[in-house]
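Chain B: place on chain A using the hints.
2 protein chains.
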Amino acid sequence: MGVVVNLDEGKKGSASIRNLIELTAADMGAVNELILSKAGSDVAMIPEVANHLISSGGKRLRPMLTLAAAQMFGYQGDHHVKLATSVEFMHTATLLHDDVVDESDLRRGKSTARMIWGNQASVLVGDFLLGQAFRMMVDVGSLEALDILSTAASVIAEGEVLQLAVAKNLETTEDEHFNVIKAKTAALFAAAAEVGPVIANRSKTEKAALRSYGMNLGLAFQLVDDALDYGGSAKDLGKNVGDDFREGKVTLPVILAYRRGSPEERVFWKDAIEEGNADDAKLEHAIALMAKHNAIGDTIARARHFGDIACDALAPLDATPQKDALLEVIDFCISRVV
Amino acid sequence: MGVVVNLDEGKKGSASIRNLIELTAADMGAVNELILSKAGSDVAMIPEVANHLISSGGKRLRPMLTLAAAQMFGYQGDHHVKLATSVEFMHTATLLHDDVVDESDLRRGKSTARMIWGNQASVLVGDFLLGQAFRMMVDVGSLEALDILSTAASVIAEGEVLQLAVAKNLETTEDEHFNVIKAKTAALFAAAAEVGPVIANRSKTEKAALRSYGMNLGLAFQLVDDALDYGGSAKDLGKNVGDDFREGKVTLPVILAYRRGSPEERVFWKDAIEEGNADDAKLEHAIALMAKHNAIGDTIARARHFGDIACDALAPLDATPQKDALLEVIDFCISRVV
Numbered sequence: 001m002g003v004v005v006n007l008d009e010g011k012k013g014s015a016s017i018r019n020l021i022e023l024t025a026a027d028m029g030a031v032n033e034l035i036l037s038k039a040g041s042d043v044a045m046i047p048e049v050a051n052h053l054i055s056s057g058g059k060r061l062r063p064m065l066t067l068a069a070a071q072m073f074g075y076q077g078d079h080h081v082k083l084a085t086s087v088e089f090m091h092t093a094t095l096l097h098d099d100v101v102d103e104s105d106l107r108r109g110k111s112t113a114r115m116i117w118g119n120q121a122s123v124l125v126g127d128f129l130l131g132q133a134f135r136m137m138v139d140v141g142s143l144e145a146l147d148i149l150s151t152a153a154s155v156i157a158e159g160e161v162l163q164l165a166v167a168k169n170l171e172t173t174e175d176e177h178f179n180v181i182k183a184k185t186a187a188l189f190a191a192a193a194e195v196g197p198v199i200a201n202r203s204k205t206e207k208a209a210l211r212s213y214g215m216n217l218g219l220a221f222q223l224v225d226d227a228l229d230y231g232g233s234a235k236d237l238g239k240n241v242g243d244d245f246r247e248g249k250v251t252l253p254v255i256l257a258y259r260r261g262s263p264e265e266r267v268f269w270k271d272a273i274e275e276g277n278a279d280d281a282k283l284e285h286a287i288a289l290m291a292k293h294n295a296i297g298d299t300i301a302r303a304r305h306f307g308d309i310a311c312d313a314l315a316p317l318d319a320t321p322q323k324d325a326l327l328e329v330i331d332f333c334i335s336r337v338v
Numbered sequence: 001m002g003v004v005v006n007l008d009e010g011k012k013g014s015a016s017i018r019n020l021i022e023l024t025a026a027d028m029g030a031v032n033e034l035i036l037s038k039a040g041s042d043v044a045m046i047p048e049v050a051n052h053l054i055s056s057g058g059k060r061l062r063p064m065l066t067l068a069a070a071q072m073f074g075y076q077g078d079h080h081v082k083l084a085t086s087v088e089f090m091h092t093a094t095l096l097h098d099d100v101v102d103e104s105d106l107r108r109g110k111s112t113a114r115m116i117w118g119n120q121a122s123v124l125v126g127d128f129l130l131g132q133a134f135r136m137m138v139d140v141g142s143l144e145a146l147d148i149l150s151t152a153a154s155v156i157a158e159g160e161v162l163q164l165a166v167a168k169n170l171e172t173t174e175d176e177h178f179n180v181i182k183a184k185t186a187a188l189f190a191a192a193a194e195v196g197p198v199i200a201n202r203s204k205t206e207k208a209a210l211r212s213y214g215m216n217l218g219l220a221f222q223l224v225d226d227a228l229d230y231g232g233s234a235k236d237l238g239k240n241v242g243d244d245f246r247e248g249k250v251t252l253p254v255i256l257a258y259r260r261g262s263p264e265e266r267v268f269w270k271d272a273i274e275e276g277n278a279d280d281a282k283l284e285h286a287i288a289l290m291a292k293h294n295a296i297g298d299t300i301a302r303a304r305h306f307g308d309i310a311c312d313a314l315a316p317l318d319a320t321p322q323k324d325a326l327l328e329v330i331d332f333c334i335s336r337v338v
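Heads up: the sequence lines are chains A and B, in that order.
Under full-length UniProt numbering, the residues of the first sequence are numbered 1 to 338, in order.
Under full-length UniProt numbering, the residues of the second sequence are numbered 1 to 338, in order.
Isolated chain A, as found in the complex:
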């Protein structure tokens, strides 16, 4: 690589998802069993491809949100386990399709499924997991949860197409970019959190609170992820620093550096992002320009803004260990980078 940027300062802060992990440990055991069971098939390639990604060490943040959001409202039963598994399958399906769309070689530090089994298997196993996700939701039988999650599925795909449509366009505004990440990332966080109070039959206000929490957490999460692409190490990231840059992705750090740049700098960005001249030397220059214009710092500032909204969304709710754990997730997401 040759490019290492020190974003580690203060990284060892107190924020963690340890409490979330502890509170949801028993339920996540059930989720993990259900994942293995529902990714199973007599067609051997299906569990092979699915387990490659499922076992690759993602944090499983999204299903934990569903579990904690159900627990905090005293939900009793096993529907939260099924919906959490559905959420993880929707996410996994999206990753499988994303890797095909982005032509990615690595995901979480491992070869992508498409590199091992081909684009075809990635597309089709993604479709299978999406089908299984819907079957589990139907099994739960809550039309409201089905509505929330099926709408999220449409919105995610719509966001991905929008991202494709604005791809390599440096004139993308911040607002347009927020629309993309709201759809492609935040919508699933929002749905994952909202279905908790839904299956616990809670009030409209409480459902709206969890939805708002999830949506804003998702926005913060994605912005931090975009910032991390220009810092950190591949080991921490599970991807290579500069992947977005090499793929010509117009993320917020790029948008800010481009908009604030001199005419000469904009020529550099056009050449790198739109023309694809994005080698390691260019990446180093890109990171220097971002530092000059505080593009990373301000991306994190935007993430904090959404994190604050997520925090206030939960403010009116009764104090519970789950609420505290969900609040810590916000800090954790942002402290990944600062």
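Because the hints were derived from the structure by calculation, they are not lab data.
Backbone N, C-alpha and C define an ideal beta-carbon position, used for all residues, glycine too.
It is possible that some hints are incorrect.
If you want the footprint, here are the derived chain A segments under chain B, 3+ residues with CB under 8 Å [stated by the list, open to error]:
no., stretch
1, 31-45
2, 158-169
3, 217-226
Sample of chain B residues at the chain A side, in silico, Cβ under 8 Å [what the hints assert, rightly or not]:
no., residue
4, 41
5, 45
6, 75
7, 101
8, 106
9, 121
10, 123
11, 130
12, 131
13, 132
14, 143
15, 150
16, 151
17, 164
This is chain B only, laid out in the frame that chain A set:
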């Protein structure tokens, strides 16, 4: 092409889907409106890609099955229109993904979406249409219909992966092949027909009858389609004769010709299907070998077998114009080729 095989004899028989089209014309008007509305999006690429395929002149047989199956049980309301549209969207999503998986250039005589907008758009717009299909089903609110259609979505994807796993394997048995086409084609026909009596709140027997009709019709339909790939003209087919051959697809005509072939003939098949040496001269030879072993004739005989079962599935039901129209569909499917 240079290869034309005369399978036209008797093709102008009386069998048609005219009655089905007439009976469902008003409802199909509503379906077509809903298709345009639900394929709409502020993201312009979505309706562009979707309408390219939607307007390309498919017969829309599957949604007509849903409409006729609801009508024959006296269903009143508009849920059948929504479910029929969902079925068509599921089918369209599958086609978009299939074209990526098969790397197809042509579909129904037009360039495939992936050739115009790229694999990425085909994958993502397919995902969007699938999401929209589920939203419409949720809107209908029948958990039983949701169960049937979401199960079909999983099974279809599973069948596609199975097809991928056995791809280019000439040792595939007829039984294994039936499992593939049952999952990838017949499952959606079965679901499309079954949801008719489901939303009309009819008996278990009546639902089972329509399911069996759809499943067996789907099997017959796919077998005839596979036979047509070795005869007919590209104009009739909307695809090129020999597409399956050139892609090395192991369809029933190939399975029969291979199993019945001499050792020398099997060497030919291995070379063509497994090694991909499948030019026009090879195609001509393949068709000659199929004629020698009556592989096409016996593929049609298998199709008739399933068509007969589909016919008997409906036998106990009261005579209605819809029942007659559905019976005619069986003959129509088979008469496409003989």
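Violating hint indices (sorted, rising): Hints 3, 6 and 8 contradicted; others consistent.
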